[in-house]
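2 protein chains.
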Amino acid sequence: MLIRAFVPAHITAFFVPVFNENPLLAGSIGAGINLEKGTNIFVTTENGPERHIHIAFNGEPVERNNAIISYSVAEKMIPKDFSGEIEVWQYFDFPNGYGFGNSAAGALGTALALAFNFKEKTFLQASQVAHKYEVLYKGGLGDVIAQFYGGIELRIKPGAPGIGVVDNIFFEGYKVLTLPLGRISTKEVLDSDVIKLIEEEGKRSLEEVLKYPRVEVLMKAARAFSERTGLLTGELLEIAIELDKDLRLPSSMVMLGKSLFALLREDEIEKIKATLTDLTIERYHICEVYTQRPSVERWMGGSL
Amino acid sequence: MLIRAFVPAHITAFFVPVFNENPLLAGSIGAGINLEKGTNIFVTTENGPERHIHIAFNGEPVERNNAIISYSVAEKMIPKDFSGEIEVWQYFDFPNGYGFGNSAAGALGTALALAFNFKEKTFLQASQVAHKYEVLYKGGLGDVIAQFYGGIELRIKPGAPGIGVVDNIFFEGYKVLTLPLGRISTKEVLDSDVIKLIEEEGKRSLEEVLKYPRVEVLMKAARAFSERTGLLTGELLEIAIELDKDLRLPSSMVMLGKSLFALLREDEIEKIKATLTDLTIERYHICEVYTQRPSVERWMGGSL
Chain L
1 MLIRAFVPAH ITAFFVPVFN ENPLLAGSIG AGINLEKGTN IFVTTENGPE RHIHIAFNGE
61 PVERNNAIIS YSVAEKMIPK DFSGEIEVWQ YFDFPNGYGF GNSAAGALGT ALALAFNFKE
121 KTFLQASQVA HKYEVLYKGG LGDVIAQFYG GIELRIKPGA PGIGVVDNIF FEGYKVLTLP
181 LGRISTKEVL DSDVIKLIEE EGKRSLEEVL KYPRVEVLMK AARAFSERTG LLTGELLEIA
241 IELDKDLRLP SSMVMLGKSL FALLREDEIE KIKATLTDLT IERYHICEVY TQRPSVERWM
301 GGSL
Chain P
1 MLIRAFVPAH ITAFFVPVFN ENPLLAGSIG AGINLEKGTN IFVTTENGPE RHIHIAFNGE
61 PVERNNAIIS YSVAEKMIPK DFSGEIEVWQ YFDFPNGYGF GNSAAGALGT ALALAFNFKE
121 KTFLQASQVA HKYEVLYKGG LGDVIAQFYG GIELRIKPGA PGIGVVDNIF FEGYKVLTLP
181 LGRISTKEVL DSDVIKLIEE EGKRSLEEVL KYPRVEVLMK AARAFSERTG LLTGELLEIA
241 IELDKDLRLP SSMVMLGKSL FALLREDEIE KIKATLTDLT IERYHICEVY TQRPSVERWM
301 GGSL
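Residue numbers (UniProt numbering), protein chains in the order written: chain L, 1 to 304; chain P, 1 to 304.
Hints should not be assumed to be uniformly reliable.
It does not matter which identical chain is used: a pair holds within one copy or between any two.
[Said to hold, decoys possible] Straight line, CA to CA, 25 Å or less: simulated SDA-like cross-link-like pairs of lysine to any residue:
{"hint": "1", "residue 1": "Lys76", "residue 2": "Glu207"}
{"hint": "2", "residue 1": "Lys157", "residue 2": "Leu2"}
{"hint": "3", "residue 1": "Lys211", "residue 2": "Pro23"}
{"hint": "4", "residue 1": "Lys175", "residue 2": "Met1"}
{"hint": "5", "residue 1": "Lys157", "residue 2": "Asn22"}
{"hint": "6", "residue 1": "Lys80", "residue 2": "Leu210"}
{"hint": "7", "residue 1": "Lys119", "residue 2": "Gly97"}
{"hint": "8", "residue 1": "Lys76", "residue 2": "Tyr212"}
{"hint": "9", "residue 1": "Lys157", "residue 2": "Gln292"}
{"hint": "10", "residue 1": "Lys196", "residue 2": "Ala224"}
{"hint": "11", "residue 1": "Lys76", "residue 2": "Val217"}
Note that these hints are calculated values from the structure, not bench results.
Pulled out of the complex, with its shape left as it was, chain L reads as follows (with noise of 0.2 Å):
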């Protein structure tokens, strides 16, 4: 039996983290959009004498060690009493680091994937274990609430889902344009100084876009958080400005890795792609937020 899991891509447009002993406490709180690109998770399972777990990315086997996140979930997932193979597929449709949420979206999809097919765990149970691990091996605070409730998203109490609350906000004629364009260490950036200029540019503007919940105060308030905390900088804010000039509102930065993201409307397509060519920049995605839960079903499509 094969189950598909999706979860979109997160882009953080700025965050406070919060940190607690307890991982289901600790999250973060802020802004950011969900896209209609992100993970897809495969899982099969086969009952057998002996129980083994096999976690592929991009079709690749993984070790342990480097995905230790998702190993640790699949582990807490399956029930005790399983023995037998596992295999979990993840696909990405962004680059791991660049700040897309990958390492929650993979952990979420995992936990759903295998909660879907064991029936033992609720929604609620299975991402709270996606969420205790994301925040135990430092892959992210906030991704995997605001993953699992979608949309373009604030969220405004850290912590696990059905401890922390994710509001959304309204939009229409929207689409999103992703620029990865490198990795950035989150861990360095949280052990740095950065921190306290973070937590206060962070407050001030999830204040600012609660106070007129619309996307234009969010990107407004996120390319403000993202030059005011010094983390756009160098080339990466030079080509935010040169996107700027085809934009009706700032670009920004994704929060945390060198990558820009903006909103876009229809007619400012042919435009930015005519200045992404001129800027020799390739990758770069347009798409749509995903406004809906993580999808999980029994996969009745081709092989993998």
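With chain L's structure known, arrange chain P on it following the hints.
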């Protein structure tokens, strides 16, 4: 500009009412099912010299007293400085008062459509307005938050969306059969001696489903709840027993309406249709579970 919102019908399987002076903290715990049939809400706004709100049910204008929940929601959701005509058209797939959450759906759809139109409130803010007036005018206690999250749901913490917590269980291969047979006054039941039994049995049922979160357990718990509370009796119970002969899972009673529901597998549909014909029951629905959020969009379709 025409906005359309769709909010699923919601069947409560079992529940524990939770009263509180603060309507945002009042609600219910329990379980239920959201359906692909429900309420479509169309909203038009037109600027003008005077502020007027018009609400219609199934194409017929209704007076303020007969649609007090939706009128109150609309008044709260329309910005104070707006002047002009607002029309709210609500179309119900199920009859009012039969236990399908129509008043909550109308209130929630009105709130979401107006929030989409004016872009001054978030999803949670809008749905809290709907929940508040549902509770204040005794339309219901848990329908708004159940409809807000969709699926086969467990309400594990009472309250409005953003305060209460809704979980979901995984299922596959089931459709929902519903038989709307008549009205029951929710108020009369909640004011009667049955309330203590409802509290005991509702808590017990929820614990059982949280322990083994499967639809099979849910339907058995629902049926036990409906019989042990004495709510499912007489002719309604006789029909339920007839339905059970064709089905793997027990049928149960919709809380609170003189209505029945059951989960159906594909291979049970023909048999149950024949049985319903034998019972001379002509009004029934077979539909899918609605697993998403309510939809809200600018409506480009034909005329109303």
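Hint check results:
1. Lys76 - Glu207: Result: close only across copies, 22 Å inter versus 37 Å intra.
2. Lys157 - Leu2: neither (35 Å within a copy, 34 Å between copies)
3. Lys211 - Pro23: Between. Shortest inter-copy distance 23 Å satisfies the 25 Å Cα cut-off; intra-copy 30 Å does not.
4. Lys175 - Met1: between (35 Å within a copy, 21 Å between copies)
5. Lys157 - Asn22: Result: close both inside a copy and across copies, 15 Å intra and 20 Å inter.
6. Lys80 - Leu210: Cα proximity of lysine 80 and leucine 210: across copies only (18 Å, versus 44 Å in one copy).
7. Lys119 - Gly97: neither (32 Å within a copy, 34 Å between copies)
8. Lys76 - Tyr212: For lysine 76 and tyrosine 212, the Cα distance is within 25 Å only across copies (17 Å; inside one copy 41 Å).
9. Lys157 - Gln292: Close inside one copy (20 Å) and across copies (22 Å); limit 25 Å.
10. Lys196 - Ala224: This pair counts as within: shortest intra-copy Cα distance 16 Å, inter-copy 55 Å.
11. Lys76 - Val217: between (41 Å within a copy, 23 Å between copies)
The structure does not agree with the numbered hints 2, 7 stated previously, though it agrees with the rest.
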